[in-house]
Amino acid sequence: MAKSLGPVKRKFTPWTDPGAQPFIRFENITKRFGNFVAVDNLTLDIYEKEFFSLLGPSGCGKTTLMRMLAGFEEPTEGRILLQGKDISGVPPYRRPTNMMFQSYALFPHMSVEKNIAFGLEQDKLPKGEIETRVQEMLKLVKLEQFARRKPSQLSGGQRQRVALARSLAKRPKVLLLDEPLGALDRKLREETQFELMDIQHTLGLTFLIVTHDQEEAMTVSDRIAVMDKGIIVQVATPAEIYEAPNSRYVADFIGDINLVEGKVVSTSAAAGQAGRLALDCDGLKVAVEQECPALAGNTVAFAIRPEKVRISLDTPAQTDVNAVRGEVWDIGYLGDFSLFLVRTEDGRVLRAAQANVSRLVDRPITFGDQVWLHWSADAGLVLTR
Amino acid sequence: MKPGRFDATVLTIGFAFLYIPILILVIYSFNASKLVTVWGGFSTQWYQQMWHNEALMDAAWVTIRVAVLSASIGTVLGTLAALALVRFVRIPARMLFSAMIYAPLVMPEVITGLSLLLLFVAVGVDRGFWTVVIAHTTFTMCYVAIVVQSRLVTFDRSLEEAALDLGCPPVKTFFAITLPLIMPAVVAGWMLAFTLSLDDLVIASFTTGPGATTLPIKIYSQVRLGVTPEINAACTLLIGIVTIGVIIASVATKRREYQRQRDEHLATTAA
Numbered sequence: 003m004a005k006s007l008g009p010v011k012r013k014f015t016p017w018t019d020p021g022a023q024p025f026i027r028f029e030n031i032t033k034r035f036g037n038f039v040a041v042d043n044l045t046l047d048i049y050e051k052e053f054f055s056l057l058g059p060s061g062c063g064k065t066t067l068m069r070m071l072a073g074f075e076e077p078t079e080g081r082i083l084l085q086g087k088d089i090s091g092v093p094p095y096r097r098p099t100n101m102m103f104q105s106y107a108l109f110p111h112m113s114v115e116k117n118i119a120f121g122l123e124q125d126k127l128p129k130g131e132i133e134t135r136v137q138e139m140l141k142l143v144k145l146e147q148f149a150r151r152k153p154s155q156l157s158g159g160q161r162q163r164v165a166l167a168r169s170l171a172k173r174p175k176v177l178l179l180d181e182p183l184g185a186l187d188r189k190l191r192e193e194t195q196f197e198l199m200d201i202q203h204t205l206g207l208t209f210l211i212v213t214h215d216q217e218e219a220m221t222v223s224d225r226i227a228v229m230d231k232g233i234i235v236q237v238a239t240p241a242e243i244y245e246a247p248n249s250r251y252v253a254d255f256i257g258d259i260n261l262v263e264g265k266v267v268s269t270s271a272a273a274g275q276a277g278r279l280a281l282d283c284d285g286l287k288v289a290v291e292q293e294c295p296a297l298a299g300n301t302v303a304f305a306i307r308p309e310k311v312r313i314s315l316d317t318p319a320q321t322d323v324n325a326v327r328g329e330v331w332d333i334g335y336l337g338d339f340s341l342f343l344v345r346t347e348d349g350r351v352l353r354a355a356q357a358n359v360s361r362l363v364d365r366p367i368t369f370g371d372q373v374w375l376h377w378s379a380d381a382g383l384v385l386t387r
Numbered sequence: 037m038k039p040g041r042f043d044a045t046v047l048t049i050g051f052a053f054l055y056i057p058i059l060i061l062v063i064y065s066f067n068a069s070k071l072v073t074v075w076g077g078f079s080t081q082w083y084q085q086m087w088h089n090e091a092l093m094d095a096a097w098v099t100i101r102v103a104v105l106s107a108s109i110g111t112v113l114g115t116l117a118a119l120a121l122v123r124f125v126r127i128p129a130r131m132l133f134s135a136m137i138y139a140p141l142v143m144p145e146v147i148t149g150l151s152l153l154l155l156f157v158a159v160g161v162d163r164g165f166w167t168v169v170i171a172h173t174t175f176t177m178c179y180v181a182i183v184v185q186s187r188l189v190t191f192d193r194s195l196e197e198a199a200l201d202l203g204c205p206p207v208k209t210f211f212a213i214t215l216p217l218i219m220p221a222v223v224a225g226w227m228l229a230f231t232l233s234l235d236d237l238v239i240a241s242f243t244t245g246p247g248a249t250t251l252p253i254k255i256y257s258q259v260r261l262g263v264t265p266e267i268n269a270a271c272t273l274l275i276g277i278v279t280i281g282v283i284i285a286s287v288a289t290k291r292r293e294y295q296r297q298r299d300e301h302l303a304t305t306a307a
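Residue numbers (the numbering used here), protein chains in the order written: chain A, 3 to 387; chain B, 37 to 307.
One chain only, chain A, in its complex shape (with noise of 0.2 angstroms):
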């Protein structure tokens, strides 16, 4: 399918803005059912315009967080402000926001058109314009042909365009997505993430998807805040959450990663300042350059994605700091990498990836290899939570 690309897309941080105004506002959110805290005093800021993941393993209190912004759910403690008003208490028939489910509720007696007609026929519009409407759906879901089929008669991604076209048939301010791709295979899911996007930005809409996918949540989100046991852990962009996770839970929850314990021996600056840290991991001697968290004596852990370890057959310039010996264990071969399992002779196993540049190698790393492992000073991060 021959798609048209729209403008390149532009550079968006309103959260860096300070007096930019939040459009939806989580305020000191606590959430209870019976004994369980689904959500525990939780604040944040979404703004206009933003496509926001809510990123977090299954029980951590994304969903519930969504249900009460769409008014399924009354928090326990807190307000929730939709462009700086109160919304608590006004039912979900009345609250500007719609939302796709999970299972995609489509209705199964109704058809496809009808089942897009539906929220705008609650708006009492005049027949013509809700047909306009319609047909402007279809046509943005690529689903003409199939106006007058019932649900049963399509298949997954099919209804899934259905849903998606059903939410936004009202042009809400915020659309909700409950792990919207979960049903779909992973090629179509890929090829979706991308139509979602240029939806959204087509559109001008705020959306929030809750998903527990990482990679999803990675390709389609401006931010992400992960959550954890009813807290959020991490708001930051894709990139940031990757490259610079701020505790141990989100570096281990997003991508692979390398997290060895240990103690901080030295700093050059005072805390908060760039400077360059000393560790010692157990005899693994470590120097990392960031922005100095802990102090000297503090148990820390030193986090290096895979792919920023290097791994060598021959003996690297310096074997003294960040650089240990090992045998390779085994190999995970992912086409466009080869991921290296090494077990370094103090006994810990380290991931070094590897991009498979050229096809033909004279002397690959293989099985049972002596290899060095190595890496820059500026490849790791040290995490003090």
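No lab work stands behind these hints: they were computed from the structure. Hints are not guaranteed to be accurate.
[What the hints assert, rightly or not] The following label-pair restraints were derived from C-beta to C-beta distances:
| id | chain 1 | residue 1 | chain 2 | residue 2 | range |
| --- | --- | --- | --- | --- | --- |
| 1 | A | Gln23 | B | Ala120 | 52 to 60 angstroms |
| 2 | A | Gly61 | B | Ile280 | 47 to 55 angstroms |
| 3 | B | Thr304 | A | Leu336 | 27 to 35 angstroms |
| 4 | A | Arg327 | B | Thr304 | 38 to 46 angstroms |
| 5 | A | Phe196 | B | Gly281 | 52 to 60 angstroms |
| 6 | A | Leu343 | B | Arg130 | 50 to 58 angstroms |
As the structure is a prediction and not an experimental result, all values here were calculated from the model. Note that CB positions come from ideal geometry on N, CA and C, so glycine has one too.
Let chain A serve as the given structure and place chain B on it in line with the hints.
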């Protein structure tokens, strides 16, 4: 396993046991002789006579009115009860209330009938058509509640949430989304209620009064004076009505199944 002679025999005996009495009843309704046990040739005279038996026809008319009314009221109340149980009652309490809905089903009819009779006497209501309707409503309601409840338990609530989310208020959501989707269960509940009311003898005889004799009561009292082929004819007609109902229901189910298969086929070839 190949069906052996033994299986065939067992099956035959079983079905014979079930259907031979009914078959004899039907055959003798076409008997020319007045004696129920002696075959005197083919005739449809008993059907004509039945048609002109005003007392019998009155009873039939009363029965049908009672059945339609009590089934309809019972369906409305039973559906509401099922909704309340599934939606608004917490799980431990729901167990108790569900059990309380089942109880009238296993209660001996004599007790239900007697207790209702005592109630009507205590309240001072004249027994007649309406007391039978009320009595039938109380027990058919339970059947409807159970049928509808079992449908509602598997009902995907996100459908209702989707309707609310799209701006549809709760009551309208019920009529636009919930009711159409649980309709098959509601109709099944109504049919069940209708047939239960149609053939009830015990509760009706406790709660009825002068001028409101139902068909089962009429047949029962006539049989005590001796079976006439007229009764056979009336029963045959009842069997005929029920059979047609069953056939329509099963054809409808078959067609729905066929429709579902066609939809699935469309869905898989749609991409």
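We went through each hint and held it up to the structure:
Between Gln23/A and Ala120/B the Cβ separation comes to about 44 angstroms, which falls outside the hinted range of 52 to 60 angstroms. Separation of Gly61/A from Ile280/B is about 54 angstroms and conforms to the stated range, judged on CB atoms against 47 to 55 angstroms. Checked against the hint of 27 to 35 angstroms, the C-beta distance between Thr304/B and Leu336/A comes to roughly 32 angstroms, which is consistent with it. The hinted range of 38 to 46 angstroms is not satisfied by Arg327/A and Thr304/B, whose Cβ atoms lie roughly 56 angstroms apart.
Hint check: Phe196/A to Gly281/B, Cβ distance near 55 angstroms, so the stated range 52 to 60 angstroms holds. At roughly 52 angstroms, the beta-carbon separation of Leu343/A and Arg130/B lies within the given 50 to 58 angstroms, and the hint holds.
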